[in-house]
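Chains as they are written, first to last, in the working numbering: chain W, 678 to 1004; chain A, 678 to 1004.
Keep in mind that the hints were calculated from the coordinates and are not lab data.
Here the structure is a predicted model, which is why all the values come from computation and not from measurement.
Where hints are given, some of them may not hold.
Same chains, same names: a pair is fine if it fits in one copy or spans any two.
Unchecked claim - Derived BS3-like pairs: lysine-lysine, alpha-carbon spacing no greater than 25 Å straight-line:
1) K974 to K774
2) K1002 to K780
3) K826 to K861
4) K872 to K861
5) K919 to K937
6) K1002 to K736
7) K882 to K1002
8) K826 to K699
9) K774 to K790
2 protein chains.
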Amino acid sequence: MSIRVGIYGYGNLGRGVELALKNSPDMTAVGVFTRRNPDSVQTLTGVPVYSVNEMENKKDEIDVMVLCGGSSTDLPQQTPTLAQHFNVVDSFDTHAKIPQHLKNVEAAALPNKKTAIISVGWDPGMFSLARMYSGAILPQGKDYTFWGKGVSQGHSDAIRRIEGVADAKQYTIPVESALQAVRKGENPNLSVREKHTRECFVVAKEGADLARIENEIKTMPNYFADYDTTVHFISQEELNEKHGGLPHGGVVIRSGVTGKNGEHKHVIEYSLKLDSNAEFTASVLVAYARAAYRLNKEGVFGCKTVLDVPPVYLSFEDREDLLAKLL
Amino acid sequence: MSIRVGIYGYGNLGRGVELALKNSPDMTAVGVFTRRNPDSVQTLTGVPVYSVNEMENKKDEIDVMVLCGGSSTDLPQQTPTLAQHFNVVDSFDTHAKIPQHLKNVEAAALPNKKTAIISVGWDPGMFSLARMYSGAILPQGKDYTFWGKGVSQGHSDAIRRIEGVADAKQYTIPVESALQAVRKGENPNLSVREKHTRECFVVAKEGADLARIENEIKTMPNYFADYDTTVHFISQEELNEKHGGLPHGGVVIRSGVTGKNGEHKHVIEYSLKLDSNAEFTASVLVAYARAAYRLNKEGVFGCKTVLDVPPVYLSFEDREDLLAKLL
């Protein structure tokens, strides 16, 4: 029997989940839930659309709900609320607030015998797993994370809020020499500036003061002031044409030592190069939705994370086949 | 209370386990078990040495036994035998025989309420995990594994068996252009020859026929005939000086697509660069020995693999701390 999946929220991530479900022979998208007027929403593959108000009536028709809202205001509310009624998976990524979110979701899911998996995606998510495994294997070592080359939506939004800016895209780029030093096992101490640069493609409104815009970007606290930042003014056409996608990626490296006196170096590297940040994140969510369903069937309730889930639960293939094929 | 670990077999791997345990604040090496005369064995860190015949008397003093024998003759016998009395971890790596080994160990461990984790290391092991996660996330895609640059002990041994050869070291080397094509997401179909080359450093005995030796190497079925192989004759001194170590490593890449028509490419790469193959494998074994002990405490019995173990069980740190730090 197919695992019946609901999609809660229908932006880039929700659409990615819908598409990922098409590649999952054991799962079916049974509905998209939206705060908009359902009649105004057209899904990519014909999945029916419901108002979020209909959600509770659909409880018996949904095995797992994949939450596709944002981490700032949606998920802190939605995940605990929905975890009372559904097995859920979310991509909550406000790193500092994950422990509190976990507690809230645990309190909602556990008494209702539901299974929740939070903070699923690539960072947090696959990158957390890379750090987990590498750190456990090489306790004497150091972790490095580099993001990019990729589009940071938060930084792009910050530029768009500057007066005189019509549109913008910001790329986060790892500093190649720093990356190489880490890969060689040199264990450098790297400042924020030494790890990443920021490259901005900005469409200015007609008559705007370009020098002021460039200065406002480069001196913006938290976002840009601590980085070497480059600003290019281009036309809207060029932005659309050359910078329309949402690629991203990054690298997690652990550099550690073993031996009687730490004389043997080891470097473990996990890297992602993603054409579509949202679709990749959605694909991770769908694999963990499968796991949430299975854990629930086995009586494992409460709030879990990627660190808690046995890898074999993520695939639609049988354990026996996976063991024969992958080991 | 410290997890009490026994080390069964004391070659390169056993010594690596002994050293890895020194980096594990929650574990103690309580004994090395050897088939040799215990008086003839001196451990690196002063761990006591016992005869394998004393093993059963030590049952109550050992929480997990780490098996450090070879896959061809030792482990197929030893793991099922020891799993009747101990929680065990092994590095059985004869890929084709893993399903049968799993059945044998399951039959020994389960009725005795012991927990076994088999085929732990880097391939099988960490590379299997990389394939597991990537395949579950990107079901539309293709896996590639490249080994090296590193020393293959099996191939080095094969050269040493040739008449006139005094000593030899063989390096397996990935073909850089093939690796780059895979990294770019080109999904090439690669023959054996197109993926790896083999480089051999050979010490010939005095008066040996070098041309014959080179020819015998290059035409050896299975080992070399299907590869582009280079042979260098060098002195024993040069071999000892420049090729004394056992470095290894490799790369697992999954290249997959998402989107309505597979229009978005994604590349997931997991790579290892290891100064000491044996010490890294030993470090993985020790992390899974911890997991075997914990699973057993929770009443999870029988034969498991890296695909079955929740990542959080591998670290000596608390789950709560790990979640706060890694997610």
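Verification of the supplied hints:
1. K974 to K774: neither (29 Å within a copy, 32 Å between copies)
2. K1002 to K780: Close across copies (16 Å), not inside one copy (38 Å); limit 25 Å.
3. K826 to K861: both (20 Å within a copy, 14 Å between copies)
4. K872 to K861: Both: 15 Å inside a copy, 24 Å across copies.
5. K919 to K937: between (53 Å within a copy, 21 Å between copies)
6. K1002 to K736: Cα proximity of K1002 and K736: none, with 37 Å in one copy and 35 Å across.
7. K882 to K1002: Intra 57 Å, inter 43 Å, cutoff 25 Å: neither.
8. K826 to K699: neither (28 Å within a copy, 39 Å between copies)
9. K774 to K790: Result: close within a single copy only, 24 Å intra versus 40 Å inter.
Checked against the numbered hints above, the structure violates hints 1, 6, 7, 8; every other hint is satisfied.
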